[in-house]
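In case you want the letters, here they are:
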Amino acid sequence: MRIAGALCGCGAAAVLALVTAGAQMKPRFYDDDPLWQEPVRNVSEMVRFEPDLFYDSVENIFTKPGDKDFDKRAENVNTVDEVMNGPWFTNRAGTTPLTPEDVARAANTGTGPAPGTWTVISAKSDGVTPGFTVRDANQDLWFLKFDPPGYRGMSSGSEVAAAKLVWAAGYHTVEYYVTQMKPESLTIAETARFTYPGAKERKMRQGDLRWLMSRAQRDPDGSFRVIISKAAPGRPVGRISYHGTRSDDPNDLVPHENRRELRGWRVFASWLNHVDAKSIQSLDALVQDGGVSYVRHYMLDFSSTMGAGSIYPRAYFEGYEPVVEPFGEIGKRALSLGFRIPRWRTVDYDGTPAIGRVPVDHSDWDPDLWFPRFPNAAFLRAREDDKFWAATKLAAITKEMIAAALRAGQFGDERGVAILHKFLEDRRQIILQKYLNAINPVVHPALDATGTLSFQNAAVEAGVGKPAAEYKVQWAAFDNGTGETKPIGETTGNERQQAPTGVPSETFVRVAISGSGGGAPATWGQPIHAYFKRNGGGWKLVGLERLPHRP
Amino acid sequence: VSTSTCPHARPWRATTCLATLITAALGLGALPVRAQDASTREAEIALRQAEKAASLTPEAPNRVEQIVRRIGPVVLGAEPTGFYPWFGSVLGGGWMALGAGYRATYADTGKLNVIAGWSLKNYRMLQADLGLPTFFDGRGTLGLHGKYLYADKVSFYGLGNDTQKDDKTSYTYEPTTFGATLDLEPVRFVYVGGGYHYEGVNTRGGESGTSIDEAFDDTTAPGLGADVKYGVAHGYAAIDWRESPGYTTSGGLYRVEYRRYHELDGQPFDFEWTEAEVRQFIPILRANWVLAVRGVVTLTDGVGADQIPYFMMPTLGSSKDVRGFSNRRFRDTNRMFMEAEYRWRPSKFMDLVVFYDAGKVEARRSDLDFDDLKTSYGVGMRLHGPTTTPLRIELARCTEGLKLIFSAGVF
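As they're listed, the protein sequences go chains A and B.
Note that the working numbering has the first sequence beginning at 32, numbered continuously upward.
Note that the working numbering has the second sequence beginning at 375, numbered continuously upward.
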């Protein structure tokens with residue numbers, strides 16, 4: 032009995048040990064990897080939280096909020112290093128077929144507000160440009176903004192064009208339309224309140240509309256060109272913070288500074304010169320989708336993009352340095368009696384009232400030296416793989432798509448549009464040149480049933496790199512339970528190579544692909560790791576690490 | 375009795391121990407399910423979501439953010455309403471003053487602002503400004519103003535451009551003013567205005583060093599010991615195309631102002647006061663540098679044979695004209711001064727400057743030439759926003775030594 036009792040105890044301990052060990056033996060890849068749709072859990076309760084613009088600015092200028100590790104791999108990517116479709120992002124350019132017409136339409140689902148009278152339910156008096164919140168005849172909610180006096184088309188056109196391109200990149204945006212509005216088409220809702228700058232809130236009056244519109248560009252016939260954006264579906268619950276997570280959102284698991292699409296947003300922001308890429312220019316909305324309620328994250332307000340600085344043409348410094356310069360730089364300039372001259376003071380600009388102003392020449396422009404007005408925690412943590420990811424999306428946004436977006440902006444100024452087109456094309460090319468070559472650009476690895484490995488080179492495909500003379504592929508068996516690898520062999524050749532003997536017997540295979548010679552820069556010599564899992568008669572790509580040496 | 379590790383120390387039975395094993399296994403199942411226990415990626419994420427869902431809290435500002443939210447509007451230059459702490463200057467040379475203010479708004483653009491301040495030099499001030507709601511599409515304002523000031527250590531060195539520093543005396547200056555001013559901007563950049571105010575000034579000997587009445591008489595200090603009551607009609611015209619009156623890197627200000635002082639008790643102190651001013655700001659290389667120049671001429675004329683009391687005469691020497699000299703170091707019936715600054719801008723919020731000032735006071739207008747100018751030069755730093763300059767620190771040197779200036783505002 033004593034022995035039996037001991038056996039009993041040992042048995043229990045063994046079960047514990049086995050189960051515990053099993054819990055710790057987490058496989059590297061699950062059967063459903065790679066996941067392409069971000070799972071969401073229903074969110075029932077959530078209150079609106081508006082960040083404070085001043086605090087947000089101060090916090091980002093004087094502290095470095097967020098993860099202290101500035102070289103951490105993005106934590107929200109799936110196992111093949113891509114962003115899943117979901118509350119934050121929808122893979123479009125480079126993933127789904129996209130036409131210029133699609134880009135011109137972007138998030139729009141109709142033709143704009145219902146014709147007839149628009150009822151003003153609130154007004155923005157404290158911002159840099161006047162704006163109204165209105166309801167159309169269909170009771171849909173819209174936000175209406177104007178161009179500043181003397182700059183017809185600048186803010187509105189820039190905002191619409193940028194929004195189209197941002198949508199094409201994959202971010203959630205709202206519906207934007209450019210339209211013409213006559214003052215008499217506005218009526219004031221009984222409940223509308225208004226706050227004159229520095230004064231107390233009160234009932235809105237007709238004179239308030241006149242006063243607000245007096246700060247806007249008016250056409251000779253008395254009407255106004257306006258940009259009107261549809262309220263995002265669902266209920267607003269706040270803005271995107273570029274660091275940390277929402278404490279009230281169970282789906283918000285990854286600190287935002289470590290989200291790939293927010294880090295990659297830096298690339299698109301630099302492309303568009305979206306210097307105002309901060310929390311307040313976004314929206315968190317609690318939406319109902321497929322019977323599930325969750326927070327969807329939108330990018331908003333692109334009136335400070337390209338040549339526009341919202342109420343003025345882009346300020347000369349914008350994009351070249353932040354609002355508050357690094358303190359060391361201030362010291363150097365102070366001691367120089369002004370003869371340490373920042374680059375932006377000597378850059379030649381071109382522009383028109385319809386587009387604002389943009390630099391004439393981008394030959395020495397460096398997207399890594401681009402700055403938003405205020406530091407952005409996610410931007411600061413953008414690594415080469417994040418920028419590469421964004422660059423692959425940008426590579427899929429064609430010249431025709433850019434033209435379509437600019438047409439949607441209805442700038443009404445051919446020369447101005449040509450300037451903007453060149454601006455976007457030049458910067459796009461520089462971004463691709465830099466970020467597609469900064470790391471190994473091998474993409475789309477595939478292993479077919481015959482054991483033929485194929486892949487592409489994103490830099491070469493985008494026309495910003497010359498083919499490597501050869502690619503080296505190191506083949507290894509991969510143990511999905513332990514993560515251990517066992518070399519199988521090595522092959523060299525072009526973008527199509529036959530697997531060495533021994534591979535077919537394995538369940539998981541890891542290939543390390545690097546390029547060298549020819550037009551390959553040294554960065555291509557650092558191999559990427561691709562993982563394949565036997566899938567019936569063939570192989571399925573289940574994993575990809577672009578910087579395996581920097582997990 | 376068994377001493378085994380079996381939790382139930384009873385005579386062994388197969389069923390008992392099997393139950394133990396099952397219990398052990400189920401016991402593990404009763405532990406919180408962890409993300410690493412998932413068998414699919416989706417399940418793993420769902421488990422992590424479930425873990426977070428168990429401890430959700432509403433989004434709210436932390437303690438630091440709460441504080442910053444409160445002070446932010448003030449830092450950004452928004453005018454506080456209600457009672458607020460005030461600091462500034464009661465009168466040039468009175469050192470820093472502290473006090474309290476009360477500000478209220480009404481009818482959107484109407485404003486009331488009352489300030490009571492007390493300086494480190496024991497100067498006192500009570501001031502009230504009532505701005506009526508704007509009209510003329512916001513381009514017209516009518517303001518009512520009242521102010522009482524008590525300063526008992528105001529410097530007087532005698533009249534003229536050649537007074538000695540060692541001749542310093544002091545007097546008590548106690549003016550009370552109230553009146554109304556109308557300001558209009560008929561077209562962009564053009565400003566005209568005018569108004570009428572009462573200005574009563576009581577004076578007597580000072581409380582610092584030698585009192586004025588011990589060293590001067592009414593021939594060397596006209597109006598010595600007099601209390602005056604003026605009705606003052608005034609008007610001005612200006613072209614102002616600076617970016618902002620509080621801070622600019624380009625544009626200019628060209629202003630002429632006229633005042634007629636009428637002594638209400640019939641004392642022989644009626645006079646006219648005229649001032650012309652030019653400020654020009656020349657940005658170089660997108661305002662990497664800014665050359666700023668300013669010139670001011672102030673002329674006073676007694677009406678008929680009337681004199682101008684010494685305490686109403688233009689003065690020279692302060693942080694706002696020839697900076698190296700003490701406040702009101704020189705005074706006479708006419709004055710002119712020029713300031714020139716070489717500014718460079720290492721930051722969008724800080725300017726550095728090298729400056730040179732020159733000026734003089736004269737009894738005769740014809741003597742306002744460029745001979746015998748009083749000069750000073752120095753360096754400085756300004757912390758500013760787009761439209762204001764809350765702090766100006768300058769080190770100025772003149773023939774009478776070095777002067778460190780802490781001030782607000784800039785020409």
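Don't take every hint at face value.
Unchecked claim - Distance condition first, Cα-Cα at most 25 Å in a straight line; then the derived PhoX-like pairs of lysine-lysine:
#1 B:K426 x A:K57
#2 A:K95 x B:K777
#3 A:K453 x A:K497
#4 B:K722 x B:K527
#5 B:K722 x A:K363
#6 B:K542 x B:K527
#7 A:K57 x A:K564
#8 B:K542 x B:K777
#9 A:K231 x A:K155
#10 B:K694 x B:K722
#11 A:K99 x B:K426
#12 A:K155 x A:K234
#13 B:K527 x B:K777
#14 A:K517 x A:K564
#15 A:K103 x B:K694
Unchecked claim - Anything over 10 Å on all C-beta distances counts as not near chain B; from chain A, calculated:
#16 T110
#17 A230
#18 S278
#19 S324
#20 L368
#21 S485
Please keep in mind that the hints were generated in silico from the structure rather than gathered at the bench.
Don't be surprised by glycine CBs; every beta carbon is placed ideally from N, CA and C.
Requested in this report: Given the hint that A:K517 pairs with A:K564, test it: the Cα-Cα distance must not exceed 25 Å.
Outcome: Distance of about 15 Å is within 25 Å: holds.
Report task. Given the hint that A:K57 pairs with A:K564, test it: the Cα-Cα distance must not exceed 25 Å. Result -> holds (17 Å)
**Report entry** 25 Å limit on alpha-carbon distance, applied to hinted pair A:K155 and A:K234
**Finding:** Answer holds: A:K155 to A:K234 is near 14 Å, not above 25 Å.
Report task. Please work out if B:K722 and B:K527 have their alpha carbons no farther apart than 25 Å. Result -> violated (39 Å)
Query - 25 Å Cα cutoff - pair A:K231, A:K155 - result: Holds, because 14 Å separates the two Cα atoms, which is no more than 25 Å.
Query raised in the report: Non-interface claim for A:S324: all C-beta distances to chain B beyond 10 Å?
Result: holds (13 Å)
Query raised in the report: Are all C-beta atoms of chain B more than 10 Å from that of A:L368?
Result: For A:L368, whose nearest Cβ neighbour in chain B is about 6 Å away, the distance does not exceed 10 Å, so it is violated.
**Report entry** 10 Å cut-off, C-beta based - A:S278 kept clear of every residue in chain B
**Finding:** Violated, because the least Cβ-Cβ distance between A:S278 and chain B comes to about 5 Å, which does not exceed 10 Å.
Query raised in the report: Is it the case that A:T110 keeps its Cβ farther than 10 Å from each residue Cβ in chain B?
Result: violated (8 Å)
Query raised in the report: Straight-line Cα separation of A:K99 and B:K426 no greater than 25 Å?
Result: OK: A:K99 and B:K426 at ~22 Å, within 25 Å.
Requested in this report: Take the C-alpha atoms of A:K453 and A:K497, compute the straight-line distance between them, and say whether it is at most 25 Å.
Outcome: holds (24 Å)
Query raised in the report: Does A:A230 really sit off the interface, with its C-beta more than 10 Å from all C-beta atoms of chain B?
Result: violated (5 Å)
This entry does not satisfy hints 2, 4, 15, 16, 17, 18 and 20, going by the numbered hints stated previously.
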